[in-house]
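J.: Chains as they are written, first to last, in our numbering: chain A, 1 to 233; chain B, 1 to 233; chain C, 1 to 273; chain D, 1 to 273.
No lab work stands behind these hints: they were computed from the structure.
No experiment lies behind these values; they were computed from the predicted model shown.
Just so it is clear, CB atoms sit at the ideal spot from N, CA and C, and this is done for glycine as well.
Do not rely on the hints blindly, as some may be mistaken.
Derived DEER-like restraints, expressed as beta-carbon distance ranges [said to hold, decoys possible]: (1) B:Gly117 / D:Arg243: 16 to 26 Å; (2) C:His81 / B:Arg140: 42 to 52 Å; (3) D:Glu131 / B:Glu183: 31 to 41 Å.
Every beta carbon over 12 Å from chain C, so not counted as near; a handful from chain D, in silico [stated by the list, open to error]: (4) Gln164; (5) Phe232; (6) Ala268.
Only pairs whose alpha carbons sit at most 20 Å apart, straight line, appear in this in silico EDC-like list of lysine to aspartate or glutamate [said to hold, decoys possible]: (7) B:Lys59 / D:Asp227; (8) D:Lys58 / D:Asp7; (9) C:Lys58 / A:Glu197; (10) B:Lys59 / C:Glu194; (11) B:Lys59 / C:Glu192; (12) A:Lys59 / C:Asp227.
Here are the chains, one letter per residue:
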Amino acid sequence: MTGTWTADEIMAVEAARRLRDGMVCFVGIGLPSLAANLARRTHAPGCVLVYESGTIGAKPRRLPLSIGDGELAETADAVVSVPEMFAYWLQAGRIDVGFLGAAQIDRHGNLNSTVIGSYDSPAVRLPGGGGAPEIATGVRDVFVMLRQTPRAFVPSLDFTTSLGERVRVVVTDLGVLEPRDGELTLIATHPGVTADESREATGWDLRVAGDLRETEPPSGAELAALRSLREAA
Amino acid sequence: MTGTWTADEIMAVEAARRLRDGMVCFVGIGLPSLAANLARRTHAPGCVLVYESGTIGAKPRRLPLSIGDGELAETADAVVSVPEMFAYWLQAGRIDVGFLGAAQIDRHGNLNSTVIGSYDSPAVRLPGGGGAPEIATGVRDVFVMLRQTPRAFVPSLDFTTSLGERVRVVVTDLGVLEPRDGELTLIATHPGVTADESREATGWDLRVAGDLRETEPPSGAELAALRSLREAA
Amino acid sequence: MRDLVHDGDTVALEGFTHLIPHAAGHELIRQGRRDLTLVRMTPDLVYDQLIGMGAARKLVFSWGGNPGVGSLHRLRDAVEHAYPAPLELEEHSHAGMAVAYAAGASDLPFGVLRGYRDGDLPARTRVAPIECPFTGEVLAAVPAHRPDVGIVHAQQADRHGNVQLWGITGVQKEAVLASARSIVTVEEIVDELEPRPGAIVLPAWVVDAVCLAPGGAHPSYAHGYYDRDNGFYRAWDEISRDRDRFATWMRRHVVETADVVEYRASLAEAVPA
Amino acid sequence: MRDLVHDGDTVALEGFTHLIPHAAGHELIRQGRRDLTLVRMTPDLVYDQLIGMGAARKLVFSWGGNPGVGSLHRLRDAVEHAYPAPLELEEHSHAGMAVAYAAGASDLPFGVLRGYRDGDLPARTRVAPIECPFTGEVLAAVPAHRPDVGIVHAQQADRHGNVQLWGITGVQKEAVLASARSIVTVEEIVDELEPRPGAIVLPAWVVDAVCLAPGGAHPSYAHGYYDRDNGFYRAWDEISRDRDRFATWMRRHVVETADVVEYRASLAEAVPA
Numbered sequence: 001m002t003g004t005w006t007a008d009e010i011m012a013v014e015a016a017r018r019l020r021d022g023m024v025c026f027v028g029i030g031l032p033s034l035a036a037n038l039a040r041r042t043h044a045p046g047c048v049l050v051y052e053s054g055t056i057g058a059k060p061r062r063l064p065l066s067i068g069d070g071e072l073a074e075t076a077d078a079v080v081s082v083p084e085m086f087a088y089w090l091q092a093g094r095i096d097v098g099f100l101g102a103a104q105i106d107r108h109g110n111l112n113s114t115v116i117g118s119y120d121s122p123a124v125r126l127p128g129g130g131g132a133p134e135i136a137t138g139v140r141d142v143f144v145m146l147r148q149t150p151r152a153f154v155p156s157l158d159f160t161t162s163l164g165e166r167v168r169v170v171v172t173d174l175g176v177l178e179p180r181d182g183e184l185t186l187i188a189t190h191p192g193v194t195a196d197e198s199r200e201a202t203g204w205d206l207r208v209a210g211d212l213r214e215t216e217p218p219s220g221a222e223l224a225a226l227r228s229l230r231e232a233a
Numbered sequence: 001m002t003g004t005w006t007a008d009e010i011m012a013v014e015a016a017r018r019l020r021d022g023m024v025c026f027v028g029i030g031l032p033s034l035a036a037n038l039a040r041r042t043h044a045p046g047c048v049l050v051y052e053s054g055t056i057g058a059k060p061r062r063l064p065l066s067i068g069d070g071e072l073a074e075t076a077d078a079v080v081s082v083p084e085m086f087a088y089w090l091q092a093g094r095i096d097v098g099f100l101g102a103a104q105i106d107r108h109g110n111l112n113s114t115v116i117g118s119y120d121s122p123a124v125r126l127p128g129g130g131g132a133p134e135i136a137t138g139v140r141d142v143f144v145m146l147r148q149t150p151r152a153f154v155p156s157l158d159f160t161t162s163l164g165e166r167v168r169v170v171v172t173d174l175g176v177l178e179p180r181d182g183e184l185t186l187i188a189t190h191p192g193v194t195a196d197e198s199r200e201a202t203g204w205d206l207r208v209a210g211d212l213r214e215t216e217p218p219s220g221a222e223l224a225a226l227r228s229l230r231e232a233a
Numbered sequence: 001m002r003d004l005v006h007d008g009d010t011v012a013l014e015g016f017t018h019l020i021p022h023a024a025g026h027e028l029i030r031q032g033r034r035d036l037t038l039v040r041m042t043p044d045l046v047y048d049q050l051i052g053m054g055a056a057r058k059l060v061f062s063w064g065g066n067p068g069v070g071s072l073h074r075l076r077d078a079v080e081h082a083y084p085a086p087l088e089l090e091e092h093s094h095a096g097m098a099v100a101y102a103a104g105a106s107d108l109p110f111g112v113l114r115g116y117r118d119g120d121l122p123a124r125t126r127v128a129p130i131e132c133p134f135t136g137e138v139l140a141a142v143p144a145h146r147p148d149v150g151i152v153h154a155q156q157a158d159r160h161g162n163v164q165l166w167g168i169t170g171v172q173k174e175a176v177l178a179s180a181r182s183i184v185t186v187e188e189i190v191d192e193l194e195p196r197p198g199a200i201v202l203p204a205w206v207v208d209a210v211c212l213a214p215g216g217a218h219p220s221y222a223h224g225y226y227d228r229d230n231g232f233y234r235a236w237d238e239i240s241r242d243r244d245r246f247a248t249w250m251r252r253h254v255v256e257t258a259d260v261v262e263y264r265a266s267l268a269e270a271v272p273a
Numbered sequence: 001m002r003d004l005v006h007d008g009d010t011v012a013l014e015g016f017t018h019l020i021p022h023a024a025g026h027e028l029i030r031q032g033r034r035d036l037t038l039v040r041m042t043p044d045l046v047y048d049q050l051i052g053m054g055a056a057r058k059l060v061f062s063w064g065g066n067p068g069v070g071s072l073h074r075l076r077d078a079v080e081h082a083y084p085a086p087l088e089l090e091e092h093s094h095a096g097m098a099v100a101y102a103a104g105a106s107d108l109p110f111g112v113l114r115g116y117r118d119g120d121l122p123a124r125t126r127v128a129p130i131e132c133p134f135t136g137e138v139l140a141a142v143p144a145h146r147p148d149v150g151i152v153h154a155q156q157a158d159r160h161g162n163v164q165l166w167g168i169t170g171v172q173k174e175a176v177l178a179s180a181r182s183i184v185t186v187e188e189i190v191d192e193l194e195p196r197p198g199a200i201v202l203p204a205w206v207v208d209a210v211c212l213a214p215g216g217a218h219p220s221y222a223h224g225y226y227d228r229d230n231g232f233y234r235a236w237d238e239i240s241r242d243r244d245r246f247a248t249w250m251r252r253h254v255v256e257t258a259d260v261v262e263y264r265a266s267l268a269e270a271v272p273a
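Chain A with its partners taken away, still in its complex shape:
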């Protein structure tokens, strides 16, 4: 089963690998949830999943389809109210890792999930910040998962929804970026992707690390765990 995988799959695998056993993760739906649940099923079974709907220590048997899935409440160690979640758990600094996505990212890891165009007369009204502004400043480490295109990786955001100061890694469909000297820098490309392709998919002049490496391909075990998770959903 190795040798062929989708962009979503390698993104989930690369993000999952960065989670350690026992880490407490604030998880959104979609790719972050896939990555975190994959980590729990592979190398980090003790990874604690926290969803902003109030479920702490959820151990879903199938991939949840919304952050408020009943499965999360049924398998959680505790279910708390939303005000408690944001005050006692996120703001209090109890979360190690928070995942964020966005429509736009800049070279400092700042994110836009609010509007394309001007705020008052937007070309595209996006859903908005949701939990992101306080996740971005309340967790220890922010992991961003985002497909790499010039429209998403922009020199200047149309709107700054959340700050990039705690962004430790950006996992894309083409490779992995980490901040080096305050600027997101390409540190790994996925198998079959060149640094130039990654630069072309970036709206600013992307720095490439001197020690650029290639992402380790998803293992058979990783892909099997990932696919069984998705099939169960």
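With chain A's structure known, arrange chains B, C and D on it following the hints.
T.: Just chains B, C and D, lined up with the frame of chain A:
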């Protein structure tokens, strides 16, 4: 069974009579709890009892011995945390009546439950305010229950623990005081007690209402309900 | 509901991903309410419908998407093209909304959080810096939410009107307690509420009206009663994308149905077609 | 516990009328802890004992009586006569203590309430006026409680260290989450926690140590396990009134017992005598 009753009994009966069906009462242990439970068993079965331990709508089958009695939690409509109790329920103005006691009261209904003597070097260190400061300003009507002596009914408090501005009635072992023109005024004496006896038991020059009346004696039904409550405890 | 919600009111229909009060939203549409200020952390389909039907003047929110699917097209159309009417936005973060509801439930004029730091959101919302009098740290103050009417959906009420909901309970207690008036729709009315793990109970004396509305959370779910209709959320993307198709759908399934029972029946009929 | 509580620490033993962590208090006495700042809404017998044994330098509290009985004589002796040592007081109202714990659990430097208005308490506690930036209303700010160690007693832990308590849960969650370190004593350790109505769960990763201490709330109670020992509360009035009698009692039942099991056994022996 009428015709003879204790000071506690007539105080409980007089306080209970002031509770109406459906009123929400913040109840402390001792006489207030006795009064409120008596009201529920006589003319106000829908009186809602709230204890600061977090029990809302408690319907104790026997008189609780502490404000955190397990019986209260078992029979309550809801049990909430102490922070929630003080913020969402008391502070939010959802409570109609709060009962307070104290070591000292002045003519404006201000109460002292903190110290006798000076704060830094007290003759008697009392338990302190507990819930009283915010009960006194957070409920609509404050009912005070307090035995009337010159040591308790003082011209000037040693310490002001809670404010008298919402005190609507003071029920004592001798009679009933209500504020008239900003000063507590004797409006009723219990059967067998004279206005002079009440004045002698007061450390300031007690005003007596022109329409002073005599408290209606506890009825047989009231006393029976009261005594069965205490026996069950 | 006709007596408790008026044109121009500020109304909060809450339910965080779970127990979303769709039946109540539909009833507001049937009654032709106008100029509402709609408050809700996640507008979801329930506000997409109200906005698309022209019931709203203003939206107070923190995340306005179709969860797991994409955009709320009626919300976007209102913001991007003022269709069917302009929509004023008051935009928060989730944390800010939660604190604002909790402050409202506590009858405090504001709540405090460590948030709204830098970025462009603070300039677009109602937030003010507030300094800790002890440490000097500057935090964010948000004004309390004090809706005219709070509306939630719950699993059960008893015959006295006490309400119990369980599973993910979100911000529903705060939404009810922060509001001047409140309405609860329920899956069923029972003789006595059986205490449940994780439940919150709203005593009858803080609720103004309880309405029986079985299935009233659809397409959201009611823990212990029915699952989320994920297919409907996906289908909504197509239904709501086109103005006319949306209007036709709303007419058939909401405006021309009398209540939640007829609404559910109309959907069942539509599926084979 | 020896590793987690040090002389000079600020320690909060919480449990509002229910689940008072007496066994933990006794262990602090056996270990001879000194100069503690003791934080607790209702000091109760557990702090009367610690204060009488000279373990405390300061008390942070809101109501210091023997509930339903009268005074805490060791607390009074310390305040009125500096015996066995002077005791500094930081006095709050219940509402202020609750807000201070909630602020600590939220990692905010302060909390806000409508309270501490006039009267003599504001001058004797840590409180500051704070103005609402939106309405101008002046409210009270209290500094957050951030104890070094939070200690609570619970009914159950599972083998992973997750803790569940139910019944009246008071301010225990806040006390644990506001503290830098935390210790939970439990009635029993079970294979799996069965969700209970009204329960709060503290995940293992917010608790530093779980200690088995069956009966560890005595003379307080553990809902579902044993009742409050009202007779003991009444008896304490006499025991604690006299300095020597108190010292003798503490030596026999606490200092010279090894743990909660021996403590309970020593009480059983004492009753017939």
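J.: The structure should be examined with respect to each hint, and the outcome stated for every one.
T.: Against the structure, the hints come out as follows:
1. B:Gly117 / D:Arg243: 16 to 26 Å: Holds, since Gly117 (chain B) and Arg243 (chain D) (Cβ atoms, about 21 Å apart) stay within the stated range.
2. C:His81 / B:Arg140: 42 to 52 Å: holds (50 Å)
3. D:Glu131 / B:Glu183: 31 to 41 Å: About 33 Å separates the Cβ atoms of Glu131 (chain D) and Glu183 (chain B), which means 31 to 41 Å holds.
4. Gln164: violated (10 Å)
5. Phe232: holds (30 Å)
6. Ala268: Ala268 (chain D) is indeed farther than 12 Å from all Cβ atoms of chain C, at 35 Å.
7. B:Lys59 / D:Asp227: Holds, at roughly 18 Å.
8. D:Lys58 / D:Asp7: Holds, at roughly 12 Å.
9. C:Lys58 / A:Glu197: Not satisfied, since the Cα-Cα distance of roughly 44 Å exceeds 20 Å.
10. B:Lys59 / C:Glu194: holds (16 Å)
11. B:Lys59 / C:Glu192: Distance of about 15 Å is within 20 Å: holds.
12. A:Lys59 / C:Asp227: holds (18 Å)
Going down the numbered hints, you'll see the structure goes against 4 and 9, while the others check out.
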